[in-house]
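Student: Below, each chain spelled out in residue letters.
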Amino acid sequence: MTIDKKLLRNGPYADLFSQGVQVGNTLHMAGQVGTDAEGKAPDSLVDQMKNAYQHVESVLKEFNCTMDNVVEETWFVTDMHECMTQVQELFAARQAIYGKPPEVAQTLVQVVALVDPSFKIEIKCVAITD
Amino acid sequence: MTIDKKLLRNGPYADLFSQGVQVGNTLHMAGQVGTDAEGKAPDSLVDQMKNAYQHVESVLKEFNCTMDNVVEETWFVTDMHECMTQVQELFAARQAIYGKPPEVAQTLVQVVALVDPSFKIEIKCVAITD
Amino acid sequence: MTIDKKLLRNGPYADLFSQGVQVGNTLHMAGQVGTDAEGKAPDSLVDQMKNAYQHVESVLKEFNCTMDNVVEETWFVTDMHECMTQVQELFAARQAIYGKPPEVAQTLVQVVALVDPSFKIEIKCVAITD
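Residue numbers (our numbering), protein chains in the order written: chain A, 425 to 554; chain B, 425 to 554; chain C, 425 to 554.
A couple of the hints might just be wrong.
It does not matter which identical chain is used: a pair holds within one copy or between any two.
[Stated by the list, open to error] Straight-line alpha carbon distances no greater than 30 Å define the calculated DSS-like cross-link-like pairs of lysine-lysine that follow:
id: 1; residue 1: K429; residue 2: K485
id: 2; residue 1: K430; residue 2: K485
id: 3; residue 1: K464; residue 2: K430
id: 4; residue 1: K485; residue 2: K524
id: 5; residue 1: K430; residue 2: K474
id: 6; residue 1: K485; residue 2: K464
id: 7; residue 1: K430; residue 2: K524
id: 8; residue 1: K485; residue 2: K474
What the hints contain is simulated information worked out from the structure, not anything from laboratory work.
The shape of chain A in the complex, shown without the other chains:
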């Protein structure tokens, strides 16, 4: 059975997976990390989080969506203690990105490691396109 997928494949890992896959009105996005324009992750967790959401927004845009369309997000962090000590700054920055109190279900867990040792956060989102 063939399904009608809309795909976004770009960036350094375009041969390995899609940044977003839409079927019907559901958009599954690859986990996004905190790399900047040079592909490097800044030291600050807050900055990495902002970068990760910028990547999320870039993917959403390709599917004519905005942060409003996100319904679920999972944060994989590598240091929960660091995360909790900066939690107010993190969530304030996140609310600025969403533009309002996020209308999204969240899960937050600490994993051992992400793909690169410099990565402190990976954000995996599901969006509904319409």
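Based on these hints, arrange chains B and C on the given structure of chain A.
Tutor: Showing chains B and C alone in chain A's frame:
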């Protein structure tokens, strides 16, 4: 593009995320932890699991759903060894909550930590509302 | 409210969860690990990955699906360093399984442990059936 979300925002983190977000017939729920009515997590993993499912049931109820509606659950535990040594008791208690052999896809992994060091389990569910 | 679920329950854990749950055109699959026909996990991560995808394919087949139907996968590995040192071999083997550059969103994180200490990878997929 605006989508029609049904939201549940309550509890101590109501400003940060929604406990449940429904669009169409899919309900994404925030990961639920094992806190009791006072917001404390009991020492026992089984008790934390029961509490977490009580939270799941509370969220489901707000969307006119029951455990029957859950199609997928991920368990994030902080001690797989403890989990496996209590696996029969855990799954018996879980089956009592579902009321029958669970009709749900499950994933179970050990993470480093959840939001609070006292939390031993977080359960993230997806439900279909009708 | 009752929903119309199509379930696959088989294998050693059939009483505990379903390998796949389909409602509407969405199929949620249980995380699949790298066990062989005797239920043992080979030492090689690549071999475990191949076995895990064989289990994924078996589940998909029961729902009249193939790897083409997978839209999202999360890899939980227990050793990111091992994973990255074998990344070319892993992704080449994976592409052979998909039969083309995967049209799938991916997330990859290192957890502390999976259900059995011998397991090095668990793959959790979502598929769209038509």
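Student: None of the hints should be skipped; say for each whether it holds.
Tutor: Hint check:
1. K429 x K485: both (17 Å within a copy, 19 Å between copies)
2. K430 x K485: Both ways: K430 and K485 sit 13 Å apart in one copy and 23 Å across, limit 30 Å.
3. K464 x K430: within (29 Å within a copy, 38 Å between copies)
4. K485 x K524: Both ways: K485 and K524 sit 18 Å apart in one copy and 26 Å across, limit 30 Å.
5. K430 x K474: both (26 Å within a copy, 27 Å between copies)
6. K485 x K464: Answer is within; shortest intra-copy Cα gap is 22 Å, inter-copy 41 Å.
7. K430 x K524: both (29 Å within a copy, 16 Å between copies)
8. K485 x K474: within (16 Å within a copy, 34 Å between copies)
This entry satisfies every hint, going by the numbered hints stated previously.
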